[in-house]
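Asks: Read off the chains here:
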Amino acid sequence: MEYLPKFQLFRPLSVEQAAALYAENDGARFLAGGTDMIVNMRRGIETPAALIDLSQIPELGDIHEENDGMRIGAAVTLEQLAAHAAIARDYPAVAEAAAAIAGPTHRAYGTVGGNLCLDTRCIFYNQSEWWRSSNAYCLKHRGEICHVAPGGQACFAAYSGDLAPALLVHDARIELIGPERRRDIPLGDFFRDDGMDHLAIEKGEILASVMLPKASAGAPSAYAKSRIRGAIDFPVAGLAALLTLRGGGIEKLRIALTAVNPRPLVVDGTDAFNGAEVNDNMLDKLAELASSQAKPMTTTTVSPWYRRRVIGALARRLVARLAEIE
Amino acid sequence: MTTPINLTVNGRRRQDMVPDNMLLVDYLRETIGLTGTKIGCDGGECGACTVLVAGDPRHACLTLAVGCDGLDVETVEGLTTSGRLSAIQRGFHEKLGAQCGFCTPGMIMAAEGLLRRNASPSEQDIRAAMASNICRCTGYVKIIESVQFAAKALAK
Ligand SMILES: Cc1cc2nc3c(=O)[nH]c(=O)nc-3n(C[C@H](O)[C@H](O)[C@H](O)COP(=O)(O)OP(=O)(O)OC[C@H]3O[C@@H](n4cnc5c(N)ncnc54)[C@H](O)[C@@H]3O)c2cc1C
Ligand code: SF4
Ligand code: FES
Ligand code: FES
Chain A
1 MEYLPKFQLF RPLSVEQAAA LYAENDGARF LAGGTDMIVN MRRGIETPAA
51 LIDLSQIPEL GDIHEENDGM RIGAAVTLEQ LAAHAAIARD YPAVAEAAAA
101 IAGPTHRAYG TVGGNLCLDT RCIFYNQSEW WRSSNAYCLK HRGEICHVAP
151 GGQACFAAYS GDLAPALLVH DARIELIGPE RRRDIPLGDF FRDDGMDHLA
201 IEKGEILASV MLPKASAGAP SAYAKSRIRG AIDFPVAGLA ALLTLRGGGI
251 EKLRIALTAV NPRPLVVDGT DAFNGAEVND NMLDKLAELA SSQAKPMTTT
301 TVSPWYRRRV IGALARRLVA RLAEIE
Chain B
1 MTTPINLTVN GRRRQDMVPD NMLLVDYLRE TIGLTGTKIG CDGGECGACT
51 VLVAGDPRHA CLTLAVGCDG LDVETVEGLT TSGRLSAIQR GFHEKLGAQC
101 GFCTPGMIMA AEGLLRRNAS PSEQDIRAAM ASNICRCTGY VKIIESVQFA
151 AKALAK
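Protein chains in written order, with the working numbering: chain A, 1 to 326; chain B, 1 to 156.
Treat the hints as calculated values from the structure; they're not laboratory data.
By construction, the Cβ of each residue, glycine as well, lies at the ideal position given by its N, Cα and C atoms.
Where hints are given, some of them may not hold.
Simulated DEER-style distance windows between Cβ atoms [stated by the list, open to error]:
| id | chain 1 | residue 1 | chain 2 | residue 2 | range |
| --- | --- | --- | --- | --- | --- |
| 1 | A | Y3 | B | N6 | 18 to 24 Å |
| 2 | A | N274 | B | T8 | 37 to 43 Å |
| 3 | B | K152 | A | A23 | 52 to 58 Å |
In silico EDC-like cross-links for lysine to aspartate or glutamate, where the CA-CA straight-line distance does not exceed 20 Å [what the hints assert, rightly or not]:
| id | chain 1 | residue 1 | chain 2 | residue 2 |
| --- | --- | --- | --- | --- |
| 4 | A | K214 | B | E30 |
| 5 | A | K6 | B | E123 |
| 6 | A | K252 | A | E288 |
| 7 | A | K295 | A | D280 |
| 8 | A | K252 | A | D171 |
| 9 | A | K252 | A | D268 |
| 10 | A | K285 | A | D233 |
| 11 | A | K6 | B | D20 |
| 12 | A | K214 | A | E180 |
| 13 | B | K95 | B | E123 |
| 14 | A | K6 | B | D16 |
| 15 | A | K214 | A | D62 |
With these hints in hand, go ahead and build the complete structure from the sequences.
Replies: So, in structure tokens, the structure goes:
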């Protein structure tokens, strides 16, 4: 038998109810599809006293158009997102990223909210209780030292969600609903560069929806990831690009990375290419810029050196594809 | 903590009191005795536990039993009608899609889910729809042939 540690399950029908239940129950956590949360509970990493299931809340479950863009509810599944015609047309990187997550069964019930709130990952952490205990655990959970950088007090577990970079190049915003207030922030402000505490979410806040602004609709964009196998696996490095051209020169270029830092990251300095032509020389410089901002550590079976190279190669490949020069 | 649930399993209505922390796979195997659904890994990696919930493939090892309240759950046992194997079961039998057989119930349910959405899948469609399922034995060629056999049988 595979019984999980004991907890009380709640299945609220509204966001307000969910927030109230969270406030009333010490040690509560939210549950969406469970493709990260239940795995971590089975491995003894998460031991919530209460689980608040968000899957029965209708308002979180749809994608619709509003005046300023497309609103995607947090409980929308990855399969729904990948198959949505308007998303694929206007925000192609987002649809490509959704389709590249895990495998088809995971995408049938894994959600957008769960993907953005995904825990950070490391080969010393995403292991069974038995494995971790025989390795004296690690800083991120129960242990004293970090096996990746044993001298320090920081955790470098990599943020490995595929959607975030694709949403970031399209300037997505998110709506958070907490016990006291509702706030709307740029997705970029949701993440912190700390493998142990990577979400700037307040206690009890629910990620209610993602807003893809109209201003970036229709801008050519793409997402690609490197993974061990062609399906199921998390990225060892992932990159989204958005490129618009005007009169033969670059009008707007945005690059965002995942799986190489504790947070997804918009590459700084791409504005310097504005006005430039997309050519070999420019792509070399871009590849160098992107890979210099990737700071992978030995958190996967693949070496940091390789993952940095992959970031450079993906930047080159995707921007060449978007500029249609290949 | 236990919670009452009302659901159908392979078309039969059931009511049970289940612990909040019980996984669907344990409910199927331990409470109901349907041991066709397998556990092959410690969470979401292998697909051996794949069942259909409300017609969609789902990992029974990552799903809470209480979460299936009000829904239709289908397992490999539900495919056989009056002792006759279904098309997809015959496919795995005829094309030797099973070797040790441990991944087979999950493979069959993932394929069943596909065939209901798309009755004449291309090889690419089959590969894409079954990419959450891992087989330790067959090398996958026979599994793809098994699904193709079933699609042909259904077309007749
Ligand atoms: C074998 C395997 C392979 C995978 N491969 C990939 C991959 O390639 N790429 C990838 O990105 N992911 C991958 N995943 C992870 C996962 O399937 C997806 O990220 C999925 O989108 C997670 O969503 P969920 O609904 O299942 O989240 P859950 O597991 O339900 O939740 C994840 C976390 O988010 C929190 N949460 C969920 N919803 C909300 C909300 N609305 N507000 C606040 N907090 C919330 C939960 O409390 C929990 O901490 C993989 C998982 C497995 C098991
Ligand atoms: S980076 Fe270090 S502290 Fe963080 S999960 Fe890995 S081993 Fe643990
Ligand atoms: S047992 Fe469920 S995926 Fe392996
Ligand atoms: S037949 Fe043995 S695991 Fe697939």
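Asks: Next, verify each hint and record whether it holds.
Replies: Comparing the hints with the structure gives:
1. Distance hint check: the CB atoms of Y3 of chain A and N6 of chain B are about 22 Å apart, consistent with the given range 18 to 24 Å.
2. Roughly 59 Å separates the CB atoms of N274 of chain A and T8 of chain B, a value that falls outside the hinted 37 to 43 Å.
3. A hinted range of 52 to 58 Å holds for the C-beta pair K152 of chain B and A23 of chain A, which are about 57 Å apart.
4. Pair hint K214 of chain A plus E30 of chain B does not hold up; C-alpha atoms about 51 Å apart against a cutoff of 20 Å.
5. A C-alpha spacing of about 44 Å is found between K6 of chain A and E123 of chain B, which places the hinted pair above 20 Å, so the restraint is violated.
6. Proximity of K252 of chain A to E288 of chain A is assessed by CA-CA distance (about 18 Å); at most 20 Å being required, the pair is judged to hold.
7. Distance check on the hinted pair: K295 of chain A and D280 of chain A sit about 25 Å apart at the alpha-carbon level, beyond 20 Å; violated.
8. Annotation: proposed proximity of K252 of chain A to D171 of chain A holds, straight-line Cα distance about 12 Å (limit 20 Å).
9. Between K252 of chain A and D268 of chain A the alpha-carbon distance is near 13 Å, which keeps this suggested pair within the 20 Å criterion.
10. The hinted pair formed by K285 of chain A and D233 of chain A fails the criterion: a straight-line CA distance of about 30 Å is larger than 20 Å.
11. Restraint check for K6 of chain A and D20 of chain B: the C-alpha separation of about 8 Å stays at or below 20 Å, so the hint holds.
12. About 29 Å separates the Cα atoms of K214 of chain A and E180 of chain A, which puts this hinted pair outside 20 Å; it is violated.
13. Simply put, K95 of chain B and E123 of chain B have alpha-carbon atoms about 15 Å apart, close enough for the 20 Å limit, and the pair holds.
14. For the hint pairing K6 of chain A with D16 of chain B, the CA-to-CA distance comes to about 19 Å; that is within 20 Å, so the pair holds.
15. The straight-line distance between the Cα atoms of K214 of chain A and D62 of chain A is roughly 18 Å, inside the 20 Å bound, and the hint therefore holds.
Going through the hint list in order, the structure does not satisfy hints 2, 4, 5, 7, 10, 12.
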